[in-house]
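Protein chains in written order, with our numbering: chain A, 1 to 230; chain B, 1 to 225; chain C, 1 to 307.
Incorrect hints may appear among the rest.
[Stated by the list, open to error] If you only want the chain A side, here are some residues facing chain C, beta carbon under 7 Å, derived:
(1) 24
(2) 26
(3) 29
(4) 89
(5) 173
(6) 183
(7) 188
Simulated from the structure, these hints should not be mistaken for laboratory data. Predicted, not measured: the structure shown is a model, and the values here were computed from it. Ideal Cβ placement from N, Cα and C applies to all residues, glycine included.
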Amino acid sequence: MIVASSASIGGIFSYLTTAANWSGPSGFLHRLLQHVGYSGVTLLIAACISVPLGLLTGHTRRGGNLLTIAGNASRALPTLGLLTIFAVTIGVGIDAAIIPLLLLAVPAILVNTDVGVRNVNPTSVDAAYAVGMTPLQVLWHVEIPMALPLIVLGLRTAALQVVSTATIAAYVGLGGLGRYIIDGQGSGNFAELGAGAVAVASFAIVTDLTFRLAQTLVVSPGLRARTSTA
Amino acid sequence: MLLLTQTFTFTYHKVSDWQWVLNHMSLFWSLSITHLYLALTSVAIGFVIALPLGALAVRAPRTYTGVLSITTVLYSLPSLAVFAFLVGVTGLTDTTVILPLAVYALAILVRSVADGLTGVPDDVRTAATAMGYRPLRQLWSVELPAAMPVIIAGLRVATVASISLVTVGSLIGIGGLGQLFIAGENSDFITEILAGIVIVAALGVLCDGLLTFGGYLLAPWARRS
Amino acid sequence: MHRVGPVVATAAALLTIGAHGSSSPRPVSTAAPAANGHPAAVPGITIGSANFPESDVLADIYADALSKAGAKVSTKLDIGTREIYFEELENGALNVFPEYNGALLDYLRPKSTASSTGAVTKALEAALPGDLEALQPSPAQDSDSITVTAAYAAAHHLKTIEDLKPIESQVTLGAAPQFATREQGLIGLKELYGVTVKFKVLDQSGPLDIAALNDGTIQAADIFTTDPAVAKYHFVALTDPLHLFPAENVIPIINKKVATPTIVKTLNAVSGALTTDDLVQLVGAVVNDHVDAGTVAAEFVSEEKLG
Chain A
1 MIVASSASIG
11 GIFSYLTTAA
21 NWSGPSGFLH
31 RLLQHVGYSG
41 VTLLIAACIS
51 VPLGLLTGHT
61 RRGGNLLTIA
71 GNASRALPTL
81 GLLTIFAVTI
91 GVGIDAAIIP
101 LLLLAVPAIL
111 VNTDVGVRNV
121 NPTSVDAAYA
131 VGMTPLQVLW
141 HVEIPMALPL
151 IVLGLRTAAL
161 QVVSTATIAA
171 YVGLGGLGRY
181 IIDGQGSGNF
191 AELGAGAVAV
201 ASFAIVTDLT
211 FRLAQTLVVS
221 PGLRARTSTA
Chain B
1 MLLLTQTFTF
11 TYHKVSDWQW
21 VLNHMSLFWS
31 LSITHLYLAL
41 TSVAIGFVIA
51 LPLGALAVRA
61 PRTYTGVLSI
71 TTVLYSLPSL
81 AVFAFLVGVT
91 GLTDTTVILP
101 LAVYALAILV
111 RSVADGLTGV
121 PDDVRTAATA
131 MGYRPLRQLW
141 SVELPAAMPV
151 IIAGLRVATV
161 ASISLVTVGS
171 LIGIGGLGQL
181 FIAGENSDFI
191 TEILAGIVIV
201 AALGVLCDGL
211 LTFGGYLLAP
221 WARRS
Chain C
1 MHRVGPVVAT
11 AAALLTIGAH
21 GSSSPRPVST
31 AAPAANGHPA
41 AVPGITIGSA
51 NFPESDVLAD
61 IYADALSKAG
71 AKVSTKLDIG
81 TREIYFEELE
91 NGALNVFPEY
101 NGALLDYLRP
111 KSTASSTGAV
121 TKALEAALPG
131 DLEALQPSPA
141 QDSDSITVTA
151 AYAAAHHLKT
161 IEDLKPIESQ
171 VTLGAAPQFA
181 TREQGLIGLK
191 ELYGVTVKFK
201 VLDQSGPLDI
211 AALNDGTIQA
221 ADIFTTDPAV
231 AKYHFVALTD
241 PLHLFPAENV
251 IPIINKKVAT
261 PTIVKTLNAV
271 SGALTTDDLV
281 QLVGAVVNDH
291 VDAGTVAAEF
301 VSEEKLG
């Protein structure tokens, strides 16, 4: 039984503060950048797919059932299972990771965008049509700004999901901060394992805070009073 | 004294993938039991804590935001990181997996309980007070049942997520269906991985269905809405 | 809330069905003691294994042979790395374990320079803590090796590790992270053979190494000699005349408290019957043909008439 004593917490701390562990291809900086890279690119692609699609389904109020299924599926499908099955069929490395990364990011953005647009105050929408706006104008000037809090919430949820999946993807050969956890586990090096855990957790918190900040910044002041902190 | 023997020759023939699946039903069963134990215990613990916490949060809105901020921070932590860190503290035991998953469930359920309770119509509350219900009895016998549909919805999400997250525990050596993914990847065996995915998803669907059914039983009035 | 009661009760019942402390993925197997007239009561044996197929097969072979010899056997498989399971051996939670003399010696005495089977076993016996002893080493070995693809070996006429020297600047070697800092790794490679190569952190003779070798990301990898991938993909292990890697004979580690003459005799018979070729076949069946380790072990024990 491995019990944390002050010794192993100290071990984690010293791993994190050793300068050598920060430089080079196995260092924290490089792996952090890798992690940011994979997560960022995935989020971007997922957003490009999901936001327009969500806007479409929300605006036209169609496809709700399909979205519910997508949302449930993404929660029910195990990340590790998806990663390993692609690793075995396509081969280890980034190719295996990219599809699960996307598969798990898309539903969060899609569902939130759709719900956001769908549940925009109907009075405002009616008023917009009443003053003569075309559907596209209604979408752009009314529905999207009012749905923004939820859209950004969807992006935030997806971002956290992607960071988490990318961490696990180290198991199938992806670089990034998850490597410390997988390698530390494999070699029984608990200092490395713990240091990796702290690094990943810190990165997740920073990501979360960044998106929360974005949430408050993009929401128009008139709406701010009405949005609850999600 | 070392005996010299002829090289052993293995005479087993490879079975079809379907046969492999049929041969391993008992393994799937035992893994599923362990898996469900870990997932459902986590949700149960989270729920038991979420009920009083959510009720408290509704009564005192300022504590609500405080509690919510803490739980959402904890919820944002990637599961593998938390498992990995806890291994040093709680070792290779079930606690290492159950503790973080209970916190994740708590994060979801506090919200559901609070939202459900705030959603109870005011006239229902007033009527209950008028009938002489004391606050605690009111909470238990009137408000919680009224909030049932929302709470059940939260339970469904928490349970499905929990079942899926237990698989991550296999990366640090805690049992469950995740073992199928690791073994399958080590031996390039798609069928094994697929079996794992199917079973995990099926367990999620099963629990989701059971909870929905439970919701119908507990709140028959909500069926009409 | 009168409806809640029955539901809660059912939920509680469902939870207790699955409630058990062990998270071991394999059902624990216990064999009933055989009634074949052995005079003394044979103590209960708990055999452990590390989390790779070969260790599972060996543990299952020990379990099968010992239960046929009349012992009460239970197994605890797929435990994890040596840091974890050796602690259980030391504190008595496990009392038999299939080990590799070189690797275990390296774990206990990292500075040891023993390399032949005899020297390693002798040093190991001295290094083991008081309760534990090593039985006879088996001729079967599964050691680290520097392995390349058949095509690469042919193209550069590679037979031994020394042959890497002329092309060392083109070579990237993939292995587990600890390979970079160990004597039985990059350090020894430089000291013994004067070979310096680039290093890529992958896994220990696992799917990452194999995939990288196959697609050319790395030119060499630290692959275990009995890994089924060697036969499957026609890899070539470079010979190691200067003993960068020490002998790695399969050797049973046993707690002295359970080392009765019957048990010792059975385990030594198993060791004697095992050859490196056998290991290749056994592990190959498990990994390539997806046969259960237990099935493979049972067939080995019955064919070799052990226990």
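Could you check if residue 173 of chain A really has its C-beta closer than 7 Å to a C-beta on chain C?
Because about 5 Å separates residue 173 of chain A from the closest Cβ in chain C, which is inside the 7 Å limit, the hint holds.
When the nearest CB of chain C is found for residue 89 of chain A, is that gap smaller than 7 Å?
12 Å, violated
For the hint on residue 29 of chain A, does the least C-beta distance to chain C fall short of 7 Å?
16 Å, violated
Agreement of hint residue 183 of chain A with chain C interface, Cβ distance less than 7 Å:
5 Å, holds
Supplied contact hint for residue 26 of chain A, tested at 7 Å Cβ to chain C
Holds, about 6 Å.
Holds or violated: is the Cβ of residue 24 of chain A closer than 7 Å to a Cβ in chain C?
11 Å, violated
Going by Cβ atoms only, is residue 188 of chain A closer than 7 Å to chain C?
4 Å, holds
Checked against the numbered hints above, the structure breaks hints 1, 3 and 4 and satisfies the rest.
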